[in-house]
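> This is what each chain is made of:
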Amino acid sequence: MPHYAGAVPLLTEPTLPLDRVTDVVSTDASLRRFLHGLPGVDQVGAEARAAMLSTRSIKTAAKQFAIDLAISIIDLTTLEGQDTPGKVRTLCAKAQRPDPSDASVPAVAAVCVYPDLVAVAKAATGPSGVKVASVATAFPSGRASRAVKLADTADAVAAGADEIDMVIDRGAFLVGRYRAVLEDIVAVKQACGTARLKVILEVGELATYDNVRRASWLAMLAGADFIKTSTGKVQPAATLPVTQVMLEAVRDFRAATGRMVGVKPAGGIRTAKDAIRHLVLVNETAGEEWLDPRWFRIGASTLLNDLLMQRQRMTTGRYAGPDYFTVD
Amino acid sequence: MKFEYAPAPESRAIVDIKSSYGLFVGGEFVDPVDGHRFKTVNPATEEVLAEVSAAGPRDVDAAVQAARGAYTRTWQRMRGAERAKYLYRIARIMQERARELAVLESIDNGKPIRESRDVDVPLAAAHFFYYAGWADKLGYALSGREPRPLGVAGQVIPWNFPLLMLAWKVAPALAAGNTVVLKPAETTPLSALLFAEICQQADLPPGVVNIITGAGDTGRALVEHDGVDKVAFTGSTEVGKQIARSVAGSGKKVTLELGGKAANVVFDDAPIDQAVEGIVDGIFFNQGHVCCAGSRLLVQESVAEDVLSRLKYRLTTLRVGDPLDKNTDVGAINSAAQLERIRELSAVGEAEGAQRWSPPCELPERGYWFPPTVFTGVSQAHRIAREEIFGPVLSVLTFRTPAEAVDKANNSPYGLSAGVWTDKGSRILWMAQRLRAGVVWANTFNRFDPGSPFGGYQESGYGREGGRHGLEAYLQ
Amino acid sequence: MSDVTPRLAVQKTYKLYIGGRFPRSESGRSYQVSDATGRFLANAAMASRKDVRDAVVAARKAGPAWSGASAYNRGQVLYRVAEVLEGRRGQFVDEVVAAEGLSVGTATSLVAAVVDRWVWYAGWADKLAQVVGSSNPVAGPYFDFTVPEPTGVVGVVAPQSSSLLGLVSVLAPVIVTGNTAVLLASERRPLPAISLAEVLATSDVPAGVVNVLTGRTAELTPWLAAHMDVNALDLCGLTDTALAHAAEEAAADNLKRVLRPSTADPDGRAEPDWSAEPGLERMTAFIEHKTVWHPVGI
Chain A
1 MPHYAGAVPL LTEPTLPLDR VTDVVSTDAS LRRFLHGLPG VDQVGAEARA AMLSTRSIKT
61 AAKQFAIDLA ISIIDLTTLE GQDTPGKVRT LCAKAQRPDP SDASVPAVAA VCVYPDLVAV
121 AKAATGPSGV KVASVATAFP SGRASRAVKL ADTADAVAAG ADEIDMVIDR GAFLVGRYRA
181 VLEDIVAVKQ ACGTARLKVI LEVGELATYD NVRRASWLAM LAGADFIKTS TGKVQPAATL
241 PVTQVMLEAV RDFRAATGRM VGVKPAGGIR TAKDAIRHLV LVNETAGEEW LDPRWFRIGA
301 STLLNDLLMQ RQRMTTGRYA GPDYFTVD
Chain B
1 MKFEYAPAPE SRAIVDIKSS YGLFVGGEFV DPVDGHRFKT VNPATEEVLA EVSAAGPRDV
61 DAAVQAARGA YTRTWQRMRG AERAKYLYRI ARIMQERARE LAVLESIDNG KPIRESRDVD
121 VPLAAAHFFY YAGWADKLGY ALSGREPRPL GVAGQVIPWN FPLLMLAWKV APALAAGNTV
181 VLKPAETTPL SALLFAEICQ QADLPPGVVN IITGAGDTGR ALVEHDGVDK VAFTGSTEVG
241 KQIARSVAGS GKKVTLELGG KAANVVFDDA PIDQAVEGIV DGIFFNQGHV CCAGSRLLVQ
301 ESVAEDVLSR LKYRLTTLRV GDPLDKNTDV GAINSAAQLE RIRELSAVGE AEGAQRWSPP
361 CELPERGYWF PPTVFTGVSQ AHRIAREEIF GPVLSVLTFR TPAEAVDKAN NSPYGLSAGV
421 WTDKGSRILW MAQRLRAGVV WANTFNRFDP GSPFGGYQES GYGREGGRHG LEAYLQ
Chain C
1 MSDVTPRLAV QKTYKLYIGG RFPRSESGRS YQVSDATGRF LANAAMASRK DVRDAVVAAR
61 KAGPAWSGAS AYNRGQVLYR VAEVLEGRRG QFVDEVVAAE GLSVGTATSL VAAVVDRWVW
121 YAGWADKLAQ VVGSSNPVAG PYFDFTVPEP TGVVGVVAPQ SSSLLGLVSV LAPVIVTGNT
181 AVLLASERRP LPAISLAEVL ATSDVPAGVV NVLTGRTAEL TPWLAAHMDV NALDLCGLTD
241 TALAHAAEEA AADNLKRVLR PSTADPDGRA EPDWSAEPGL ERMTAFIEHK TVWHPVGI
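Chains as they are written, first to last, in our numbering: chain A, 1 to 328; chain B, 1 to 476; chain C, 1 to 298.
One or more of the hints may lead you astray.
Think about it this way: if two alpha-carbon atoms lie no more than 30 Å apart in a straight line, the pair counts; the simulated DSS-like pairs of lysine-lysine are [said to hold, decoys possible]:
#: 1; chain 1: B; residue 1: Lys2; chain 2: A; residue 2: Lys63
#: 2; chain 1: B; residue 1: Lys326; chain 2: B; residue 2: Lys39
#: 3; chain 1: B; residue 1: Lys312; chain 2: A; residue 2: Lys63
A short list of chain A residues far from chain B (calculated; beta carbon distances all over 10 Å) [unchecked claim]:
#: 4; residue: Ala48
#: 5; residue: Glu80
#: 6; residue: Ala103
#: 7; residue: Pro106
#: 8; residue: Arg146
#: 9; residue: Ala159
#: 10; residue: Leu291
#: 11; residue: Thr302
#: 12; residue: Pro322
Everything labelled a hint here was simulated from the structure, so no lab data went into it.
Just so it is clear, CB atoms sit at the ideal spot from N, CA and C, and this is done for glycine as well.
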């Protein structure tokens, strides 16, 4: 029988050490050269791979594991003009104790709110371990001056946000002003202090997977802790192939630089089945190290109840009904 | 966190395997007159599945007579539109019984249920749909010629895609107005016998399709039978040559779809993640039991290390095991004999100095198994770079320039398929023009469609299957 | 003073045509060719297996440039052949009269048909792909098309009876699609084939695209049929069934594509009706269909 060389890391030596990153990002031209030197993404092949992985059949113990994991990586989100302190407090309660009738259900990873409600969320979550994330930088369009974006960020951080979800300047990206996009991110990252920074690419406006890959690398080179697909306000948002392209990016970025970056698909993941498909994608693309709330999140609101219903189906053996779960 | 997938086996309950099968001749299952019985086993477990009949010369003769009778009395005279409806009917029944066909195929062949369910069976049904539509449009198929069927077609198919190869053979033959005697491979007769039941269910006139099981002797008797007007064979180049010799001077029309040693050429500007998927799909799809498998990876030297490291990483995620598990990517080797050949050629690869690598994977104790294997440091002179292994074994070679890639890719007596991976459009077409292969997959691999002609150059055989071209092979 | 000695005719030496040159057989052999009445016409070179070998090398060498030329260009070159043929009609009439024993009138219209046949095939160069190629509507996001390509080096056993019309009717369809040819001329009527070679040599057909051998069909065919660098055979002129059978068997060693002799007559002696419009068969017998797939995406 064959000799096994053992599992193989993607690359043994970092090819892009941090001192080289400085060179890469130094000018628009060097950034452009680097980003356009990344391998292309063939749309049909990428979608075929994602479709194949979505046929994985996750049953019994694997499904139980996946459901609990999915709950624990949710960024439970409310981002509406009509949000109020009351709505946010309810959300925080649900985040800590998703199913009041079953204490074995894990808490979600974080709640995600607008900056002006961070203080309310922070008070409501207390020492539970559930993080408070805030969108910032003139979310969702990002069409504001850098000063405004930084003020927006500083405001959320001052109110106690553990995590900041910023948006990139898609206009600048699409016309090739990569330095401008990068500088925004660098500045916001600085304003974050110890808060972790998620950089929203708004893939629905980037139009191609090539752009998604370049924007992912751009965000990571700028210091993003997470790359996030979407604001949830633009369609298409989180699709399996888009998440896959971003997972390939964090995998390759780690191999090249040694630094690990998280991925957050958000927008459009509504069912337990969708969530589990994303977990399969993580497992078989970036690898199991990313199966952790620290490195993978799903931004969602209605997903949680479907996960709870599926979970109850698995524990009781009968199908659950929506009336038995809280609406928010 | 470790995410282990629990076993997700497809239920076997849907298939009803009989303890023994006769030959399907003249619309009935009959016992062999001068044949014998042999056993077919599940290659994943070595469990005996059923006893099957091996047709002797008199059985072959009876089948050819039945086909001849059906040809002259019924099928050739029937209006094309009526023949079409029979084929549509068969296609529909295949779709209705798709799960059953898929499970049976995986049990008898060893291929993953994901592939039999998502590729083999749907494509087989699609072939019947496609050719059904031709049956009443034959006048448009040939340029400047009045189409006439050939008569009785003797068809011999391999074990790698038993039902799909049956569809490739039977659908165009019937659409064109021929009747057939088909011999499935010795190790995978069961889906063809289920297809015989489908013909009964469709009320296909007796004798239009005859299925005789058996080994090489049966196939030879069929191909050499005087009553056969057309020979269609898919299998090894060695047997293909024997057939070409045996029909010499007979006037029989022949199509041969034979072996290959396809080059999958990856340039430095390729869409790398999709290229890696294409490499995996190219050689590990169906355990590498694919005549058009991309068994030679030709990778540009400037990216060779990167591509190999990505490939190896990807191979660690391949799931090898129970063919009926819905999450299995690589199933069982079809037979002990094939396993032996793969082992032997792999040993030669090592002995000749190539470096052998397989991802860590536990193989089941019983059954015929071989891990996905990659050989690096392979040169053109190595046997593993020249001979068809027909298993999950990839030989990796490198090149520096496009011209060198073409030279190396074409440096083979075969010419069935080739792959090209690059983001540069003009280079794709430049390569596609120069690769001596019947199918060129650019930025994809192992795609099949009933409307797309398939077949080889040189020693990979002659004639085309699929599309209008495939129909031409059954018309004079 | 006047010279009353009648002028002595200059006799033509008929040689082989290999790689654009006109060598004698490497074997040094020749054989006598007579006209239809049995009168001596000329000596023809009697090619050997080594001449077959050299002709295959020449044909292989010429392949890439000829098949790589644009179809338009091949069409132009072949049309040029017809132009040169037209100018030499008189010579070919004489040769056909001598070879086949036809009346001058019949031979004249036959040679006209030869030129017209050549023009007919020349016109196919840039049209066949449109007739036999296809764009294939597959069930997926792929652009999928099929194009004809030349098979490679084709060995042609030219018809034994029809020394010129039959000859061009088997040669033109082989080369118009981009193949190169090694042609065994009619054994008893080889002279028009060599004259045709002289036309080819002076009308832009690249050296090696057509190679013409004269000699014993039964001696040369087995070498051609067994040659592992020949991709296809047209056995049209094999009147001997046993020889044809053996050639087809030998061809199986590297799976040559074989166009069998006509079997209309039980002795296999029937030649096709060369006066009829040919159809595509002799072209499609020596092409390969290549299917190319590419994803469609952004």
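> Run through the hints listed earlier and report the numbers of any the structure violates, in increasing order.
As far as the earlier hints go, 4, 10 are violated by this structure, in ascending order.
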